[in-house]
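Colleague: Each chain, written out:
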Amino acid sequence: MSPAMYNRLWLAFLDTVQMVGISALIALVIGIPIAVFLVVSAPGGFFEAPRLNRAVAAVVNGFRATPFIVLLVALLPFTRFLTGTTIGVWAAIVPLSISATPFFARIAEVSLREVDKGLIEAAQAMGCRKWHIVRHVLLPEAFPGIVGGFTITVVTMIGASAMAGAVGAGGLGDMAIRYGYQRFDTTVMIAVIIVLIAMVTLVQFAGDYTVRRLRNR
Amino acid sequence: MAALTVETTAVPVHGAATEKVATATRVASAAGAGSVRFEKLGKIYRSAAGAVNALEDIDLEIPAGRVYGIIGRSGAGKSSLLRTINRLETPTSGRVLVDGQDIGRFDEDALVELRRRLGMIFQHFNLLSAKTVRENVALPLVVAGVPKKQIAERVDEVLALVGLEGKHNVYPSRLSGGQKQRVGIARALVHKPEILLCDEATSALDPETTLSILKLLKDINRSLGLTIILITHEMSVIREICENVLVLEQGRIAEEGPVWQVFGAPKHDATRALLRPLSRDLPEDIAARLQPQPVAGGEAVLELHYTGGESAGPDLSCLASALGTSVRLLHGTIDRIQGHAQGTLLVAARGVSESNLEALKGHVGSARILGHVASDV
Numbered sequence: 000m001s002p003a004m005y006n007r008l009w010l011a012f013l014d015t016v017q018m019v020g021i022s023a024l025i026a027l028v029i030g031i032p033i034a035v036f037l038v039v040s041a042p043g044g045f046f047e048a049p050r051l052n053r054a055v056a057a058v059v060n061g062f063r064a065t066p067f068i069v070l071l072v073a074l075l076p077f078t079r080f081l082t083g084t085t086i087g088v089w090a091a092i093v094p095l096s097i098s099a100t101p102f103f104a105r106i107a108e109v110s111l112r113e114v115d116k117g118l119i120e121a122a123q124a125m126g127c128r129k130w131h132i133v134r135h136v137l138l139p140e141a142f143p144g145i146v147g148g149f150t151i152t153v154v155t156m157i158g159a160s161a162m163a164g165a166v167g168a169g170g171l172g173d174m175a176i177r178y179g180y181q182r183f184d185t186t187v188m189i190a191v192i193i194v195l196i197a198m199v200t201l202v203q204f205a206g207d208y209t210v211r212r213l214r215n216r
Numbered sequence: 000m001a002a003l004t005v006e007t008t009a010v011p012v013h014g015a016a017t018e019k020v021a022t023a024t025r026v027a028s029a030a031g032a033g034s035v036r037f038e039k040l041g042k043i044y045r046s047a048a049g050a051v052n053a054l055e056d057i058d059l060e061i062p063a064g065r066v067y068g069i070i071g072r073s074g075a076g077k078s079s080l081l082r083t084i085n086r087l088e089t090p091t092s093g094r095v096l097v098d099g100q101d102i103g104r105f106d107e108d109a110l111v112e113l114r115r116r117l118g119m120i121f122q123h124f125n126l127l128s129a130k131t132v133r134e135n136v137a138l139p140l141v142v143a144g145v146p147k148k149q150i151a152e153r154v155d156e157v158l159a160l161v162g163l164e165g166k167h168n169v170y171p172s173r174l175s176g177g178q179k180q181r182v183g184i185a186r187a188l189v190h191k192p193e194i195l196l197c198d199e200a201t202s203a204l205d206p207e208t209t210l211s212i213l214k215l216l217k218d219i220n221r222s223l224g225l226t227i228i229l230i231t232h233e234m235s236v237i238r239e240i241c242e243n244v245l246v247l248e249q250g251r252i253a254e255e256g257p258v259w260q261v262f263g264a265p266k267h268d269a270t271r272a273l274l275r276p277l278s279r280d281l282p283e284d285i286a287a288r289l290q291p292q293p294v295a296g297g298e299a300v301l302e303l304h305y306t307g308g309e310s311a312g313p314d315l316s317c318l319a320s321a322l323g324t325s326v327r328l329l330h331g332t333i334d335r336i337q338g339h340a341q342g343t344l345l346v347a348a349r350g351v352s353e354s355n356l357e358a359l360k361g362h363v364g365s366a367r368i369l370g371h372v373a374s375d376v
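Protein chains in written order, with numbering that gives the first Met the number 0: chain S, 0 to 216; chain P, 0 to 376.
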């Protein structure tokens with residue numbers, strides 16, 4: 000591989016980190032409130048709202064049912080409306096975060112739902128308001144599970160970001176297709192795969208480590 | 000004087016109003032607040048399988064400062080009844096009055112205020128695993144908006160009270176069952192409640208730890224003067240610390256009264272069934288040799304039951320004078336509950352007949368001849 004190619008690989012890596020990083024952050028910030036809402040508004044929750052719950056759940060399922068590559072194309076007008084362009088890193092961040100948010104919300108929801116009902120009862124008995132229960136009971140108790148779920152989300156997003164090359168977003172996936180596949184440069188292909196494996200391993204390790212620390216206290 | 004009037008009448012800001020309520024509560028608490036009354040309380044659970052009467056026609060007064068026990072088999076409605084006091088459970092009919100106030104009328108703010116006057120502990124402790132002991136105990140004060148410095152002082156105080164100094168920064172998973180329940184008690188006491196609700200608080204603990212927790216509860220009741228209402232399915236817990244007991248059976252009151260009376264002379268089958276684990280059956284070796292008819296040269300075996308209402312308690316000299324000096328103690332238990340000695344004794348005596356039992360009247364709750372044995376048992 001030529002020094003120019005190394006440089007390209009480095010830039011592609013940065014693109015991927017940027018796309019995944021920003022989208023993951025958006026998924027985190029929007030996904031957790033959705034997850035909390037789905038749990039507390041479910042029948043038997045302490046903020047019961049069955050109709051709204053079903054509506055939100057339906058939207059979440061709708062986005063999850065759509066394959067990312069389809070979503071990427073279907074969202075083009077919306078992406079153009081938000082970012083003014085349909086190519087580049089920012090154009091990829093829109094579909095990437097819209098796809099990752101419901102995915103992450105569902106995983107976080109499972110962790111939140113598993114919080115012992117007795118803890119919620121204890122919180123109510125000591126005079127906690129609904130917001131206190133979310134803030135002091137639900138989120139902290141589900142936190143290890145949420146971190147684990149976020150790790151899975153980020154790994155999935157690294158995979159999905161490869162498809163973002165289809166909208167000219169750049170990144171590692173784009174590089175593997177253009178140089179490795181279309182120009183038959185096997186070395187580049189292998190180099191990209193190694194970088195991707197390293198990224199996923201690192202994310203998974205960091206996530207597992209954090210979860211273990213949280214669970215082990 | 001004028002300033003005082005202004006202060007007690009003008010409460011423009013909501014926060015200030017809450018403060019006033021809190022102060023008023025503290026004063027009332029010192030004057031012995033902490034009474035609960037149930038009026039015609041009923042609770043029906045409706046499900047696909049049909050309606051279940053969990054509670055029916057509960058009329059009951061629990062005076063302030065008592066240690067009050069509610070006992071019943073599983074599914075008798077104890078847990079539902081306890082939870083109506085802090086409205087974790089809403090009754091279908093009837094009223095619950097805490098310090099004379101109908102809590103069914105409370106809006107969300109008043110309900111939160113009420114719950115801050117009540118503490119509750121649980122069978123499975125319900126401690127937050129993500130928070131340290133200190134943070135767990137502090138939580139009721141944190142959500143009530145108490146200043147940090149006051150919280151720290153109060154947390155130290157209650158942790159010392161329950162005997163957990165030095166465990167401030169430990170996570171609950173590192174504690175034993177007994178220590179966890181002590182944290183639960185500290186958390187329940189941290190906002191100085193008038194009433195402590197105990198939901199099977201010792202059912203998950205071993206016998207030794209159970210005793211230490213019950214002793215702690217007793218001490219707290221004495222030193223802080225707060226009302227303790229506990230539910231359990233173990234009569235031994237009631238015997239250990241309660242003054243009054245309510246026996247629930249299928250959602251209804253089976254019987255109610257001072258513990259020594261209910262234990263000494265149970266009126267309801269449910270009570271007798273719950274007491275059975277505490278009573279001893281006729282020892283097998285005696286049962287095997289028992290004959291219905293008197294045996295020449297043999298002895299009669301008598302069962303003497305003391306309810307605790309006898310003037311002098313189990314009086315041995317009176318036994319000797321009624322049954323003759325050959326009377327021997329075979330087997331039995333006498334417990335002292337609230338100063339009343341009660342229990343069952345099995346004695347053997349020579350040449351005893353029904354007429355001798357007359358002489359025991361007034362000294363023994365009840366006496367009967369179980370049978371006869373040939374010679375020494």
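It is worth saying that the hints were derived from the structure and are not from the lab. For clarity, every value in this text was computed on a predicted model and none was experimentally measured. The C-beta atom is built at its ideal place from N, Cα and C for all residues, glycine as well. It is possible that part of the hints are untrue.
Each computed DSBU-like pair below joins lysine-lysine, with the alpha-carbon atoms no more than 30 Å apart [to be verified]:
no. : chain 1 : residue 1 : chain 2 : residue 2
1   : P       : Lys148    : S       : Lys129
2   : S       : Lys116    : P       : Lys130
3   : S       : Lys116    : P       : Lys214
4   : S       : Lys116    : P       : Lys166
5   : P       : Lys266    : S       : Lys116
6   : P       : Lys166    : P       : Lys130
7   : S       : Lys116    : P       : Lys360
8   : S       : Lys129    : P       : Lys214
A few chain P positions that, by computed beta-carbon distances, are all more than 12 Å from chain S [said to hold, decoys possible]:
no. : residue
9   : Glu134
10  : His232
11  : Gly308
12  : Leu315
13  : Gly370
Colleague: Hint by hint, say whether it matches the structure.
Modeller: Going down the list of hints, with the structure as the test:
no., hint, verdict
1, P/Lys148 x S/Lys129, "holds (25 Å)"
2, S/Lys116 x P/Lys130, "holds (17 Å)"
3, S/Lys116 x P/Lys214, "holds (29 Å)"
4, S/Lys116 x P/Lys166, "holds (26 Å)"
5, P/Lys266 x S/Lys116, "violated (38 Å)"
6, P/Lys166 x P/Lys130, "holds (13 Å)"
7, S/Lys116 x P/Lys360, "violated (56 Å)"
8, S/Lys129 x P/Lys214, "violated (35 Å)"
9, Glu134, "violated (9 Å)"
10, His232, "holds (18 Å)"
11, Gly308, "holds (39 Å)"
12, Leu315, "holds (50 Å)"
13, Gly370, "holds (52 Å)"
Violated hints, listed in ascending order, are 5, 7, 8 and 9; each of the other numbered hints is respected by the structure.
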